[in-house]
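Place chain B on chain A using the hints.
Protein chains: 2
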Amino acid sequence: MRMRLKLKTVFVLYFMVSLLGLIYALMQLGQRCDCRDHDLSKDQQISQLRGELQKLQEHIKTELSKKTDVPKIYVITPTYARLVQKAELTRLSHTFLHVPQLHWIVVEDAPQPTPLVTDFLAASGLTYTHLYKLTPKDRKLQEGDPSWLKPRGAEQRNEGLRWLREMGSAAKGKEAAALEEAVVYFADDDNTYSLQLFEEMRYTYRVSVWPVGLVGGMKFERPVVEDGKVVRFHTGWRPNRPFPIDMAGFAVSLRFVLTSPQARFDGDAQMGFLESSFLQHLVTMDDLEPKADLCTKVLVWHTRTEKPKMKREDALQKQGMGSDPDVEV
Amino acid sequence: MRMRLKLKTVFVLYFMVSLLGLIYALMQLGQRCDCRDHDLSKDQQISQLRGELQKLQEHIKTELSKKTDVPKIYVITPTYARLVQKAELTRLSHTFLHVPQLHWIVVEDAPQPTPLVTDFLAASGLTYTHLYKLTPKDRKLQEGDPSWLKPRGAEQRNEGLRWLREMGSAAKGKEAAALEEAVVYFADDDNTYSLQLFEEMRYTYRVSVWPVGLVGGMKFERPVVEDGKVVRFHTGWRPNRPFPIDMAGFAVSLRFVLTSPQARFDGDAQMGFLESSFLQHLVTMDDLEPKADLCTKVLVWHTRTEKPKMKREDALQKQGMGSDPDVEV
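The listed protein sequences correspond, in order, to chains A and B. Take the first sequence: its position 223, counting from 1, is numbered 223 in the UniProt record's numbering, and each next residue is one higher. Take the second sequence: its position 147, counting from 1, is numbered 147 in the UniProt record's numbering, and each next residue is one higher.
The following block holds chain A by itself, in its conformation from the complex (with noise of 0.2 Å):
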C-alpha cells in the first residue's frame, strides 16, 4: 500500500510536471518559435526592399538607356595647331558631351600626336580616337594663301574613313549589328552646331542632307525640298556642282561608308568640289534623305573664328618680357 501510493504519487507527480514541460514546450511553439508569422514579417520587409531596390534600379537603368539605345554617331574633326584651337576644341566638346552615344574621331593634321590634343582628349570627359596625318607640303595652304585656295582636311578626313573601315572589318557578332545603324559626321572645329541636329542625322539610311547656315556669302545654303524629295540647292555660287553642300550639311550612313571604299575625299579637288568628291561616290540627288524639316531649319553655322592679333605680344618678347611660353592657351 505504501509501495503503491509511492509510485501512483510519482506517476501523478511526473504526469504532472511533463505535461506543464510539455505545455511549456507548446507554448514556446506558439510564441517564440512559430517562424510562420516571423517569416511573413521579415518576408514582407525583404519583399518591399527588393521592390524598393528594384524601381531604383529602373530609375538608374532608364537614365542610361536613354543614352546606350539609340544608334552611334562617329565624328570625324581634322584639326590643327593654332593659337584658337584649345578654345575651338574646348566649345566643341561642351556640345558633344551633351550628346548621347556620339564617338569623336579628332584627325590632326601632325607629324605626331601633340601633347595639347592628347592632353586636352584625355580630360574631355569624352569617347574619341585620337588619330594624326601630316598634310604632304605640297598640298598646304602657305602663310598668305587665301583659305580657298586648296581644300583643307582632306587627309585627316581619310584617316578617320581608314580607321573606321579598319575598325569595321574587325567587328564581329553584336559589335558588327550596332555598326550597321551607325552614322558618320565630319564637323569642323570651327563651326557652331545645335543639339537637335545629332538627332536629325542619327537615323539616316544612306545619306542625310540640311541646310547650312552662314556659309558661301550667304544667310543659309540649303537643299530644296519638293514632295520630300531634294530637287536642288539653294547656293549663291555654281549651283550646278554635283554636291552644292557644305561639309556641316550632310551624313553618311557608316554601313554605306564600310560598303563602299571607293569613297574618300580628294585633296587635289577644285575649291567647292571637295564634298562632292567624296558624296558622288555613293549617292545621286534623287537619294538624299532631307532632315531638319525638309530642309526648312537652319541647326548648324558655319562660323568662323578671328585670328587673334599678336601684335603687343611681339613687341613684348623683343624686350624678353612676353608671355610665358610654360602656360598653355
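Just so you know, these hints were derived from the structure itself, not from any lab. It is possible that part of the hints are untrue.
It does not matter which identical chain is meant; a pair holds if it fits inside one copy or across any two.
What the hints assert, rightly or not - In silico DSS-like cross-links for lysine-lysine, where the CA-CA straight-line distance does not exceed 25 Å:
#1 LYS150 <-> LYS133
#2 LYS150 <-> LYS137
#3 LYS55 <-> LYS42
#4 LYS150 <-> LYS311
#5 LYS172 <-> LYS72
#6 LYS297 <-> LYS307
#7 LYS8 <-> LYS42
#8 LYS297 <-> LYS309
#9 LYS318 <-> LYS297
#10 LYS297 <-> LYS311
#11 LYS150 <-> LYS307
#12 LYS307 <-> LYS137
#13 LYS309 <-> LYS150
#14 LYS229 <-> LYS297
#15 LYS133 <-> LYS172
#16 LYS318 <-> LYS307
The following block gives chain B in isolation, referenced to the frame of chain A:
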C-alpha cells in the same frame, strides 16, 4: 502485484511515450522552428538589401547634390542682334548647361525683347532671366567705327546689376542666406569658357581673378601673384590702369554687389577703363583673390567670331532670289 505491475507498466509506457514526444518536440525546435538560424539568413538578406539600397540612394543623392549644394553663379551676358547671334548663344548655352547652379541673366541691347532670344532661351534648358536695355544712340558704336572706340555692353551689364539688387532686396530668410554665398560673373557671348573656370570662381569672398587667353594683342593677360597676393599685371598695354583686367577675368561676390550700390559700369569710360570703372568701387589690388592655380592656368579665352560675308546673299537678293527671310538663322 498485478496492480503494481500494471501501474509500473503504464508508468513506463507513459514515460517512454512522453519521452519520444519530448524528443520529437525538441527535434522540431532544432529543425523547423529554431528561428535563430532562420533569422540569421533572413536578417543577412535584409541587411544586404538595405546596403544595396543605401548605396544606390547615396549614388543618386551625390548626383543631385552636385547640383544643389553649391553657391549659385549669376552670369550676366549682354547681347545684340547680328548674323552670328543665335550661333554664339547656342554654343554658349551648351557650356552653361554643364555648370551646376548657374543662373543666366541675358540682357539684350534692344528696345524690347526679340523673338529670336525669347524663343532661344525658352528652349535652352537653362535657368535664366531675360532683360533688355537699349544703349542710347550717342553711346552706340556706329557702322564703320572701330570696335574699341566706345565700350560695348555697359548699359546691359548695369541692367543686370539692377535686377540682382532688386531681387536681393526682396529676398528673405533661406533665400537671402543663399544669396550671401552667390557670385556674379560677366560673360560676353563670343568668349570661350572652360567648365573648370566656374568651379574656380564659385567660392569668391570679394573679387576673384584669373588669366584670360588671347586678349589685348597677347597670348594671355594675367595678374602676377607673389606669396599668394596679386602684386601687378601681365598686360601689353597701360599696366598702370587701376585694374588692367578683361571683363572675362574676374568675378564678384553677390553679397558685395548688393552692399555696394555705387558699383556700376561707366558707359563713358575711356577705352580699357570699363572694368576699372566698376572694380574701383569695390576693391584694391590687395584684396584680389587669385584663382586658377595662382593665375598660372588659362581657363577662358577672349575668342572673336568673324562677321560673315554676305556678298552672294546681297547679289541674289537683288535678283529676288535671296535666302527665305522666314527661316531663322
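**Prompt:** For this structure, which hints from the list above don't hold up?
**Reply:** Numbers 7 and 15 - these are the hints that the structure violates, sorted from lowest upward.
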